[in-house]
Each structure stands twice: as C-alpha cells, then as structure tokens.
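Trainee: As given, the protein sequences belong to chains W and H, one line each in that order.
The numbering of the first sequence is the numbering used here, which starts it at 1 and goes up by one.
The numbering of the second sequence is the numbering used here, which starts it at 1 and goes up by one.
For the record, the hints were derived by calculation from the structure and aren't laboratory data.
Some clues are possibly wrong.
The list makes no distinction among identical chains, and a pair is therefore deemed to hold if it is satisfied within one copy or across any two copies.
Stated by the list, open to error - Taking lysine to aspartate or glutamate pairs in the DMTMM-like style, the calculated list, with each CA pair at most 25 Å apart, reads:
no.	residue 1	residue 2
1	Lys96	Glu18
2	Lys107	Asp89
3	Lys98	Glu44
4	Lys13	Asp89
Protein chains: 2
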Amino acid sequence: MQQTATDWTLEEKKVAEEAFERAYTREIEALISEVRTKSGLINEVKDLWKLHDFLSARRHEIDGKYDYDYSSLLFTFAELVRDEWLHLDELRSLSKEKISKIVALTKI
Amino acid sequence: MQQTATDWTLEEKKVAEEAFERAYTREIEALISEVRTKSGLINEVKDLWKLHDFLSARRHEIDGKYDYDYSSLLFTFAELVRDEWLHLDELRSLSKEKISKIVALTKI
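Next comes chain W alone, as it looks inside the complex:
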C-alpha cells in the first residue's frame, strides 16, 4: 500500500497537490468559522480554556494530517474523503488503482 514519489505521474502529482491544498483550505475555513462562533459564546473563564483546549487539539491534528508525503498520501486522502473535506470526484484523474485503494481505506 505504501507508495513513493515515483509511483505518481506528473499529472497525478498536480491533481494530488491541488486536492490536498483545497481540502486544507476548506478545513481551515471551517475551523475559523467555528472559532468565531465559539468565541462569541464565551461567557466565563471555563469557556475560554475550553476554546484553548479545542485549538490545541485541532492544531495538533491538522499539523499531523496535512503532511504532504507520497508514502502516506493515499491514507491522507482516504481520511479527507471520509471526513468530507474532499470529494472522490476531485481525485478522479488519479489511476484506477489509487482510487480503489483510497475507497477501500475510507471503509476502514
């Protein structure tokens, strides 16, 4: 299942980079919106620290997830599709084999 950069054609790399960037932008925009909403609802100190804990967890998760590495890219795409940051359609220019692997991984 593990891949290297040479398993990806130039065209696939372009599609992958764009899809990756698009998912990142979507997730960050959703997070900004969520942080604004949460901030508007802060009434007391425990809400402040809850927002801090939330940001700590999301930052850690996002930093780990958006690591553009061909050896883990199929896993990353599966996670992004499962979490609806990316549609399978946006990856349709990848090889059938890669798409099948991504689909299989979304079901794990």
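Could you slot chain H onto chain W? The hints should help.
Mentor: Leaving out everything else, chain H in the frame of chain W:
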C-alpha cells in the same frame, strides 16, 4: 517580606479575598473581550495559531498569578496594582505596613 496566614487578621483576609476575586474577574472579563475581538479578525491560518499561542501564554500567566497564598499575596497584589487590575484604594483596610510593602513592590 514573606508572610503567613497568621500575619493577616480575619478582616484583612476578607478584604484580600474580595480584592483578589475582583481583580481576577476584571482580568478574565478583559481577556474574554480581547479574545472575541481577535477571533473576529481571524482571516487565515496564521491568525488562528496566533490566537492559540496568545491563549496558551495568557492561561499560563493567569494560572500562575492567581494562586491565593499568604506567603506571596503582597507580591501578587503589587503586580495586580501595577497592571491596574486592582486599585490601592481597594486594599485600604489592610494594615499600613502591608500597604507600604505593596506600594514599594509596585515600584520594583
């Protein structure tokens, strides 16, 4: 300079607890307002993580500062007066000796 609980009369303890609580409430209210403003200005991911860093630093500072301990209370009050979370007037029922120490500490 270091004091213990027995150096404080019951009346002084009451005044100190109220002043401490008032300063804490003021600082937290100001922080909530600042976080709301900062959240409204978030446009991109670096603003999100700047808010996270800001909350990490303020939480650490506030957790350390608001430790109600008679051995460090004069230092804490001096810091709160210097940072304008507390007015010296609000401590006027403390002994003259304590007030003088607090005033001296605010100048360090």
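Trainee: Using 25 Å as the alpha-carbon threshold, which applies to lysine 13 and aspartate 89: within, between, both, or neither?
Mentor: within (16 Å within a copy, 68 Å between copies)
Trainee: Treating 25 Å as the Cα threshold, decide for lysine 107 and aspartate 89: within, between, both or neither.
Mentor: Only inside one copy: lysine 107 and aspartate 89 sit 17 Å apart there, 66 Å across copies, limit 25 Å.
Trainee: Go through the copies and call it for lysine 98 and glutamate 44: within, between, both or neither, with a Cα cutoff of 25 Å.
Mentor: neither (49 Å within a copy, 32 Å between copies)
Trainee: Within a copy, between copies, both or neither: which one fits lysine 96 and glutamate 18 at a CA-CA cutoff of 25 Å?
Mentor: within (18 Å within a copy, 69 Å between copies)
Consistency with the previously given hints fails for number 3 only.
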